[in-house]
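Engineer: Residues per chain, in single letters:
2 protein chains.
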Amino acid sequence: MEFFEVVHTQRAIRRLDPDPIPDDVLRQILEAAVCAPSGGNRQGWRFLVIRDATLRRRIGDLYRDAWYNDLLKVPYYRDASQAPADSDRAKVVSSSRHLADHIGEAPVLILACLETEGMSAGLTQGASIYPAVQNILLAARALGLGTTLTTIHRFRDREIKTLLGIPDNVETAALIPLGYPLGKFGRAPRKPLAEVAYLDRWGQATGW
Amino acid sequence: MEFFEVVHTQRAIRRLDPDPIPDDVLRQILEAAVCAPSGGNRQGWRFLVIRDATLRRRIGDLYRDAWYNDLLKVPYYRDASQAPADSDRAKVVSSSRHLADHIGEAPVLILACLETEGMSAGLTQGASIYPAVQNILLAARALGLGTTLTTIHRFRDREIKTLLGIPDNVETAALIPLGYPLGKFGRAPRKPLAEVAYLDRWGQATGW
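Heads up: the protein sequence lines correspond to chains A and B, in order. Just so it is clear: in the first sequence, position 101 is 101 by the numbering used here, and no numbers are missing. The number in the numbering used here is simply the position in the second sequence, starting from 1, with 1000 added.
For reference, chain A alone in the conformation it holds in the complex:
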């Protein structure tokens, strides 16, 4: 596929077919992941590909519990869950709830992790893992697979690390369910560029 077509039509797909994904496709997706940059080219990323049905079901149970009992206490999501049903915010919550109810049924979950080497993991450590996560989302879309990026598993981080044998000096940065899409690819709702791009000084219009 042409590069900009992939970028412009990649969007969160939270309704996934349970059909399995061939090894070769998973390999292509992870080979795209490791082309991303990382701080000092340290490549502290580790990608845990979870295909075992029992593990997926247990992660799904933890995720669902976190979604209903923790996420909905966050003011932004609590408010969004009460927004008019046809608003963009309410649609995101509804789709996110569907994912919470079914994430364990996705044929593959990729848990993108970062070895922190004992450093505290602040915002900028994200520069060493989320570019690779974005390459996963884009490569999956190029190969016809649906994904979304979620961090809600972090409400049950301790349990998930124990379940999967993840060491303490590793952060679980993103959970990515993968599957053939039941939803459609296409442009997601976004603010106009003029609202988010400035020229030279904060708040100054670009004029283009």
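Rather than coming from a laboratory, the hints here were simulated on the basis of the structure. Since this is a predicted model, take the numbers as computed values, not measurements. Don't take each hint at face value.
[Said to hold, decoys possible] Here are the computed lysine-lysine pairs in the DSS-like style, where the Cα-Cα straight-line distance is at most 25 Å: (1) Lys1161(B) <-> Lys191(A); (2) Lys1191(B) <-> Lys161(A); (3) Lys1073(B) <-> Lys1091(B); (4) Lys1091(B) <-> Lys1191(B); (5) Lys91(A) <-> Lys184(A); (6) Lys91(A) <-> Lys73(A).
Put chain B on the given structure of chain A with help from the hints.
Structural biologist: Frame of chain A; chain B shown alone:
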């Protein structure tokens, strides 16, 4: 360009031509940026496109000062700067030093920012800005422009925010110099997939 060719040949390009970049190219790059996901689709990203020569020079001075006086005190970089000259680590440091000496000469700097809405910005807030940053790096490569992702400006965060009028509730997540490349695109050195991808449990080989 074909999607996987872009992904596989995008790499840090730290030697840049000072020739200007057309508005239309910058617009295409930022339109790719905002296709990325963000938590709850909040789109708290703001992209400050810095083209003014005086501002670029002042940012360049701050960046160079941070590189020599702060970055080289970080053990990883101090060690890397003393590694054998033909090692991958030493090459990254040498290229990074060139960038530090010349970043203000890049025709455009993009400062990717994140409005945090008063939340503390930890690792997972990176999931709302670095996917967009990766789209910038990839779109630039698709359009023949060199870039790299750096966070070294954060050593002079206060001064840079004052210079550009950036509010306190905004994080400066990445600085991206853009220009036509003097270096070559191509595959950057990476660990083999077998070292960074596991199946079902931490440390377990995928077999593919």
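Engineer: Between Lys1191(B) and Lys161(A), does the CA-CA distance stay at or below 25 Å?
Structural biologist: Judged against 25 Å, a Cα distance of about 24 Å means the pair holds.
Engineer: Could you grab the alpha-carbon distance between Lys91(A) and Lys73(A) and see if it respects the 25 Å cut-off?
Structural biologist: holds (18 Å)
Engineer: So if I understand the rule, the pair passes when the alpha-carbon distance is 25 Å or less; does Lys1073(B) with Lys1091(B) pass?
Structural biologist: This hinted pair holds, its Cα atoms lying about 18 Å apart.
Engineer: Between Lys1091(B) and Lys1191(B), is the straight-line Cα distance small enough, at 25 Å or below?
Structural biologist: holds (16 Å)
Engineer: Starting from Lys91(A), check that the Cα of Lys184(A) is at most 25 Å away, please.
Structural biologist: Holds, at about 15 Å.
Engineer: Does Lys191(A) sit within 25 Å of Lys1161(B), going by the straight-line distance between their CA atoms?
Structural biologist: holds (24 Å)
Violated hints for the displayed structure: none, as all numbered hints are satisfied.
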